[in-house]
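Undergrad: Here is what each chain is made of, one letter per residue.
4 protein chains.
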Amino acid sequence: MTTRRDFIKMAGLTSAAMMVNPVDAFSNSIEKEKPEKENKWLDGSRLVVSVSMQFETGGQPENAESPFPQNMQKGYVDLPAETWYQYGYKEGIPRMLDNWDKHGIKVTSHMVGSAVLQNPQLAKEIVQRGHEAAAHGMNWSSQYAMSYEEEKTFIKAGADAVKSITGFTPVGYNANWLRRGQNTIKILQELGFTYHIDDLSRDEPFIIQANKKDFVVVPYTIRCNDIVLIEGKNFSSDQFFNQVKAEFDQLYAESEFKRRQMSISFHDRIGGTPQMVKTTSDLLDYMKKHTGVTFKRKDEIAKMTLQDKSSIRE
Amino acid sequence: MTTRRDFIKMAGLTSAAMMVNPVDAFSNSIEKEKPEKENKWLDGSRLVVSVSMQFETGGQPENAESPFPQNMQKGYVDLPAETWYQYGYKEGIPRMLDNWDKHGIKVTSHMVGSAVLQNPQLAKEIVQRGHEAAAHGMNWSSQYAMSYEEEKTFIKAGADAVKSITGFTPVGYNANWLRRGQNTIKILQELGFTYHIDDLSRDEPFIIQANKKDFVVVPYTIRCNDIVLIEGKNFSSDQFFNQVKAEFDQLYAESEFKRRQMSISFHDRIGGTPQMVKTTSDLLDYMKKHTGVTFKRKDEIAKMTLQDKSSIRE
Amino acid sequence: MTTRRDFIKMAGLTSAAMMVNPVDAFSNSIEKEKPEKENKWLDGSRLVVSVSMQFETGGQPENAESPFPQNMQKGYVDLPAETWYQYGYKEGIPRMLDNWDKHGIKVTSHMVGSAVLQNPQLAKEIVQRGHEAAAHGMNWSSQYAMSYEEEKTFIKAGADAVKSITGFTPVGYNANWLRRGQNTIKILQELGFTYHIDDLSRDEPFIIQANKKDFVVVPYTIRCNDIVLIEGKNFSSDQFFNQVKAEFDQLYAESEFKRRQMSISFHDRIGGTPQMVKTTSDLLDYMKKHTGVTFKRKDEIAKMTLQDKSSIRE
Amino acid sequence: MTTRRDFIKMAGLTSAAMMVNPVDAFSNSIEKEKPEKENKWLDGSRLVVSVSMQFETGGQPENAESPFPQNMQKGYVDLPAETWYQYGYKEGIPRMLDNWDKHGIKVTSHMVGSAVLQNPQLAKEIVQRGHEAAAHGMNWSSQYAMSYEEEKTFIKAGADAVKSITGFTPVGYNANWLRRGQNTIKILQELGFTYHIDDLSRDEPFIIQANKKDFVVVPYTIRCNDIVLIEGKNFSSDQFFNQVKAEFDQLYAESEFKRRQMSISFHDRIGGTPQMVKTTSDLLDYMKKHTGVTFKRKDEIAKMTLQDKSSIRE
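Protein chains in written order, with UniProt numbering: chain A, 1 to 314; chain B, 1 to 314; chain C, 1 to 314; chain D, 1 to 314.
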């Protein structure tokens, strides 16, 4: 299988032949391609899988969206919905933490400031168990409409909460519903962040310029994302397994010739249910059977991307 | 696999080692953990599965929500939707009763007062066949917005209807759509109830204080719930099977070290269809193959929780 | 497995024993039950499966509901949606007819009058190939809000169209979206119909009184219905297969002791697609492997129900 | 299995026999049918599969529909949604191109003019790799409500953009959401197009009259269409596999006696994800195992249809 960029290089030469029999034309070109180094990960990984575990519950606004019908009379609290959120810190995060340990992987946890302040011991535990604490705003507000000053204060407050509770300084950022504003990346760079994830445009990390400095985009996913698939699309856990497995199979095949990253995302009250942790554990068992697959925190991916001269730059 | 609470105890000692190799650190700790008794059920069960069979049809309001499009002109009755509800008592509950007997299990039936009065013989039969009659309100009204007095009258009327028809005194309660109000638990305790189920926060029962007395929360489910999955999420019956099976597999694995309860819920006109009873029967066959799994009524679970000194208290 | 009615008879005697061990109590009772004749079909069938093939396209109103987004500016015709409906008579019905012949079964086709007039040759062919022509209204109007006279004219016009084109006199009726009005059954009886299908309350036919005469209800389905599952619930064809198979498995098991009918429903532009006909053919192959399963037109079922002294009467 | 048209021819003769035993009657007739030539494809193909790869991203309007909630305040750009669209040209089309080469098939790419101008190199590459460039309008506007002159200008501008960038003269057309207007086919014929695809009425191509000249309809699909199934119906990629496989199985069986075409459709940002390309590759592997299956561009199908005297004419 050839890649598009290689195709463009040789298109002039082979296009005539290709019209006759493109498949042969390409199978030849594959030979030349295999040795190419620039398409590999710096540390020799074949495929890098990055798992997110969003820590949000406890910080949600009153009567936040939930699986319960949004039809309550004004002025009343949706009490069962609150217990649905509580599940995230009482059962969800602890169960996922045990699962990451069982599989020996480290993940990135984007933490909402208000959730961290609500459950400081759990936030601390996530870091103590070896995972990355990244920032996810001070609360669940949308930030795309904030002024530059408001937004800077909002992002800094969330990051400070994470650092003060966990002792970990966040270098990565995720905006509520991925909805950054026009100033967000500039602000992140000013505050010392090195990467953000609110971009779905590629299956590998890349470098952009923020305030004339390198800033990394570690792409996120809505295709292998529990809130989008389980709550948004009403998938059953077996559909989640099948779709994520298909995603892995294709990226693993491509990674023979090309740098590929796979992103999977979980949220405390959704990805932490027994049915989803069982499904995730089965997926991890499957992925780990493949040689060259590594599981990395997004801070590691961002660092490796900055060091790699072959990283894509936009 | 370690548990979070154990982790916290030992975190001070092992955190350094853990940073080097958390997996080893934990696999060691597992040894120490296995003997722990406090995480087991008082009667020696490994995993307790509790099935609900909601008895509601016959008591629904005119033109209640149904699978039919909600687009009728005002002033007319949705006659086919009524026959969809009638199915619940003509076929659904009788079929489920035969299935519980076939598998030799007892369930908890939350009964709406108006449904019991509409089909007294069937309500009585449920109890005669060994199942628990619990209360589910006098009718389908939302109670979260009722005054203290209104709500107390509403709950008592429903419980009295159940008792007068079935001879069984309800000790458990389920509010319409789980939506209790701020006074509900206080009222339940005053009326002699010992537990409620309108809480999704844990995978095991726990004790709270109501009027300064112990009151049990036996958690319910929306993840293994026919009305949420089949009517709400449009699952097919095979998706229901796969998702509930995954839930069981994970909880069974965890129950080696921790007290775990699994909840499954069915409603007369939904869980009582041939396709769903076949699916449920297949699930019960699968669960019964696992040693240490017991099926209990929620009144038994509440009683055992009150007697158990190791129960979680909030 | 015992049945509910048997249980009630013996409840007095066995209830004490049952409380000790209900399962044994029932397994004994099963012996006594097996010989019971009244639970069988008059012709000795074990399970009767009835298939509907609704003939509606060509008769739909302009811009009728379709899979296309309902967002067109007023005053324009949704041309691709029209071709989606045309598929029903150009490919759907012909394909289903070939499938019924391949499997050697006869079905009931509820025909909308305006559709029959639009495609008379196809309507005629359905009858020539041995299937039942039943009435489905003169057009797609809702009839629940019509006056007695309007409704009688509407039903008669549709039935007359079917008879004049196909030569078959309809004796069965299906209202648009099953939504009959308070006068519908009275009118049907006056017009010489012997049964209707707009009822979901049982898994076997039963007899009601209309104008003090026997009138049969041959229950329809929304659980094994292509428009509800494929267009309404967005099932894939494999979900349709799995759910209908589970329905069959349970009804077949019950039919050892009890009269059971299974209903499956298809619509020209939906059930007639290649993916659905393949799925239906696989289901028929599966069902036909079971002894005692017969496939009957609803007019046959209604006739047998009237002749059977053990039919349920309401 | 007989076909409907054959049935009509012989109905007079065999209908009596058929009533006795239609299955035998038909199995006999099958013998006579096999030699029939008019039901075959001119080039001897048994089943023709046509794949579409829609090239639209880069040309979408600001804040175009996406998987993100449509709840943004006015005046702001949905930045993550933009990256979801960028995925189409950065990863989606290149990945699909590699997959078509891997399987040695050629597809039809309906290209939006504004998308081609945004990513000219990629549009050119599609043609260089042997695929058909077809027109899909100048931008994403609905054309059904345009005046004759507006629409002609709109269609011509899109086709000119495709030709000037790719060097390929489009002869096929697809309207936004298939929604052509009353003048569209007349305009297409005037502009030199030979076929359009905005019709779902048949499983084989057919000929209509436009300005008294032959014009081909190469039917499109919403049953095997990624935007309808994945984004519209929320299918998981395994549901897409199962449903398209069932579609193929039935059409392949029918193609023994009848000319059949199967259409499958993909869109850059949806069909080009790893999970969907893996699924598509598995489907192509499956189809290619069947003798007589060919994969053709729609321009080839239109040409063959015009040359074939046995083509259906409407």
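Read the hints as simulated data drawn from the structure, not as lab findings.
Be a bit skeptical, because a hint or two may be false.
Intra- or inter-copy, both count: the list cannot distinguish identical chains.
Lysine-lysine pairs mimicking DSS-like chemistry, simulated, CA-CA at most 25 Å apart [claimed, not checked]:
no., residue 1, residue 2
1, K245, K102
2, K124, K186
3, K163, K186
4, K245, K288
5, K74, K152
6, K40, K156
7, K186, K106
8, K288, K106
9, K245, K289
10, K186, K74
11, K40, K102
12, K288, K152
Small disclaimer: the values here were computed from a predicted structure and weren't measured.
Undergrad: A separate judgement is required for each hint: does it hold in the structure or not?
TA: Going through the hints against the structure:
1. K245 - K102: both (20 Å within a copy, 21 Å between copies)
2. K124 - K186: neither (29 Å within a copy, 36 Å between copies)
3. K163 - K186: So K163 and K186 pass the 25 Å test inside one copy only (21 Å; across, 41 Å).
4. K245 - K288: both (12 Å within a copy, 23 Å between copies)
5. K74 - K152: between (33 Å within a copy, 22 Å between copies)
6. K40 - K156: neither (35 Å within a copy, 45 Å between copies)
7. K186 - K106: neither (28 Å within a copy, 44 Å between copies)
8. K288 - K106: within (14 Å within a copy, 36 Å between copies)
9. K245 - K289: both (13 Å within a copy, 24 Å between copies)
10. K186 - K74: The answer is between: 23 Å across copies meets 25 Å, while 39 Å in one copy does not.
11. K40 - K102: The answer is between: 22 Å across copies meets 25 Å, while 28 Å in one copy does not.
12. K288 - K152: Neither way: K288 and K152 sit 40 Å apart in one copy and 56 Å across, limit 25 Å.
The structure is inconsistent with the numbered hints 2, 6, 7 and 12, although it conforms to all the rest.
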